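Please put together the full structure from these sequences, using the hints given.
These protein sequences, in sequence, are chains A and B. Counted from 1, the first sequence has number 77 at position 77 by our numbering; the numbering is strictly sequential. Heads up: take any position in the second sequence, counting from 1, add 114, and you land on our numbering.
I should point out that these hints are in silico values taken from the structure, not numbers from a laboratory. Remember, it's a predicted structure, so these values are computed and weren't measured experimentally. C-beta atoms are modelled at their ideal positions from N, C-alpha and C, and glycine is treated no differently. One should not assume that every hint holds.
[Claimed, not checked] Beta-carbon label-pair distances, calculated as ranges:
(1) Glu77(A) - Thr160(B): 38 to 44 Å
(2) Gly42(A) - Ala142(B): 53 to 59 Å
(3) Arg69(A) - Ala254(B): 25 to 31 Å
(4) Gly42(A) - Leu271(B): 53 to 59 Å
(5) Arg21(A) - Val268(B): 46 to 52 Å
[Stated by the list, open to error] Straight-line C-alpha distance at most 20 Å; calculated EDC-like pairs for lysine to aspartate or glutamate:
(6) Lys44(A) - Asp101(A)
(7) Lys153(B) - Asp187(B)
(8) Lys214(B) - Asp101(A)
(9) Lys153(B) - Asp236(B)
(10) Lys13(A) - Asp177(B)
(11) Lys13(A) - Asp187(B)
(12) Lys216(B) - Glu193(B)
(13) Lys153(B) - Glu193(B)
(14) Lys216(B) - Glu90(A)
(15) Lys105(A) - Glu77(A)
(16) Lys111(A) - Asp101(A)
(17) Lys214(B) - Asp177(B)
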Amino acid sequence: MTTTLHVAQQFSKFPGGRYRRISEFSGEEFRERLLEPALRSGEKVTVDLDGVAGYGSSFLEEVFGGIVRTMRWISREQVNSHIAIETNRESWRLEANEYIDDELKRSEARKVSA
Amino acid sequence: MSEILKILPSLLVVGGWMIVYQLQALQARRKVLREEVEKARAAVLTLNGDALRFHMSAHSIADRLALVAALTDIERRCELFPQISVARRTWLPDAVPTNKAKVDSALIVNVRQAITLNHFDDESAAPLSVGSTQLEEITAACTALVRSVDGVMVAALD
Chain A
1 MTTTLHVAQQ FSKFPGGRYR RISEFSGEEF RERLLEPALR SGEKVTVDLD GVAGYGSSFL
61 EEVFGGIVRT MRWISREQVN SHIAIETNRE SWRLEANEYI DDELKRSEAR KVSA
Chain B
115 MSEILKILPS LLVVGGWMIV YQLQALQARR KVLREEVEKA RAAVLTLNGD ALRFHMSAHS
175 IADRLALVAA LTDIERRCEL FPQISVARRT WLPDAVPTNK AKVDSALIVN VRQAITLNHF
235 DDESAAPLSV GSTQLEEITA ACTALVRSVD GVMVAALD
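See below:
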């Protein structure tokens, strides 16, 4: 089963910054309130990014880098089996994947140094 | 033979008309492309100035939203270039080869990251000072994007 989360319809057309304490409709809020519960229900989640006014990089990093950190994923295969990104904007897809890959590299480096 | 000679002038007229039509269509698409490129270029330069002002001033939520919307608008404009340059009819040539009309999305990502990854959300953060590295990064990323947009402009010249 796959669940689709539409950011524009289910969260906000004006996504905010990184953290709840400094911004309304933050990446942290999206991740904690929508993304994590959907993933914890065991379903694969597709995040539909389209339909919003735009994203700040801090929002995208907190959602996609943040979900790799909180779910403790360590490989691309693991990420791809749980989450997919849907958007017509190539740069949003590119950037979201960049944060996922960066976080996977960091977790790999932590594993090596441990 | 005489039959062919009879219809030759008509064939020449039709052939000439087709060549003229192709050239006019090509020129018209290139002109539209150049106009869109100029608008996108201006939008990037405006964004550069607005982003520097945003980071050097007291935090404004309205300005933050405007910057995010401007980034989306620039990406939308850049996405239009290949769409404009591609001929609608297969027998017409493209205004510009698709690979030359495309702006690399990584450049747009770089601009967004330079402007919105750090020092963008926190209302209590102090404004950046003139020598800040982030301000230099914003200008460098915008300049790289403008150069790429200029490349499309050069390719679209007649």
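Holds or violated: Lys214(B) to Asp101(A), with C-alpha atoms at most 20 Å apart = It is violated: about 29 Å lies between the C-alpha atoms, which goes past 20 Å.
Is it true that the C-beta distance of Gly42(A) to Ala142(B) lies inside 53 to 59 Å, as the hint says?
-> 55 Å, holds
For the pair supplied as a hint, Lys216(B) and Glu193(B), is the alpha-carbon distance within the 20 Å limit?
-> 7 Å, holds
With a cut-off of 20 Å on the C-alpha distance, tell me whether Lys105(A) and Glu77(A) pass.
-> 14 Å, holds
Keeping to a limit of 20 Å between CA atoms, is the pair of Lys13(A) and Asp187(B) held or broken?
-> Holds, at roughly 15 Å.
For the pair we were handed, Lys216(B) and Glu90(A), check the Cα-Cα distance against 20 Å.
-> Since the Cα atoms of Lys216(B) and Glu90(A) sit roughly 12 Å apart, the hinted pair holds (cutoff 20 Å).
Can the restraint linking Lys111(A) and Asp101(A) be considered satisfied, given a maximum Cα separation of 20 Å?
-> 15 Å, holds
Assess, step by step, whether the Cα of Lys153(B) is no farther than 20 Å from the Cα of Asp236(B), and give holds or violated.
-> Distance ~31 Å between Lys153(B) and Asp236(B) Cα, so the pair is violated.
Does the alpha-carbon distance linking Lys214(B) and Asp177(B) stay inside the 20 Å limit?
-> 33 Å, violated
Honestly, do Arg21(A) and Val268(B) meet the 46 to 52 Å range at C-beta?
-> 48 Å, holds
Could you tell me whether the CB distance from Arg69(A) to Ala254(B) stays inside 25 to 31 Å?
-> 29 Å, holds
Pair hint Lys153(B) and Glu193(B), alpha-carbon separation not exceeding 20 Å = Roughly 13 Å between the alpha carbons, so the hint for Lys153(B) and Glu193(B) holds.
Checked against the numbered hints listed earlier, the structure breaks hints 8, 9 and 17; every other hint is satisfied.
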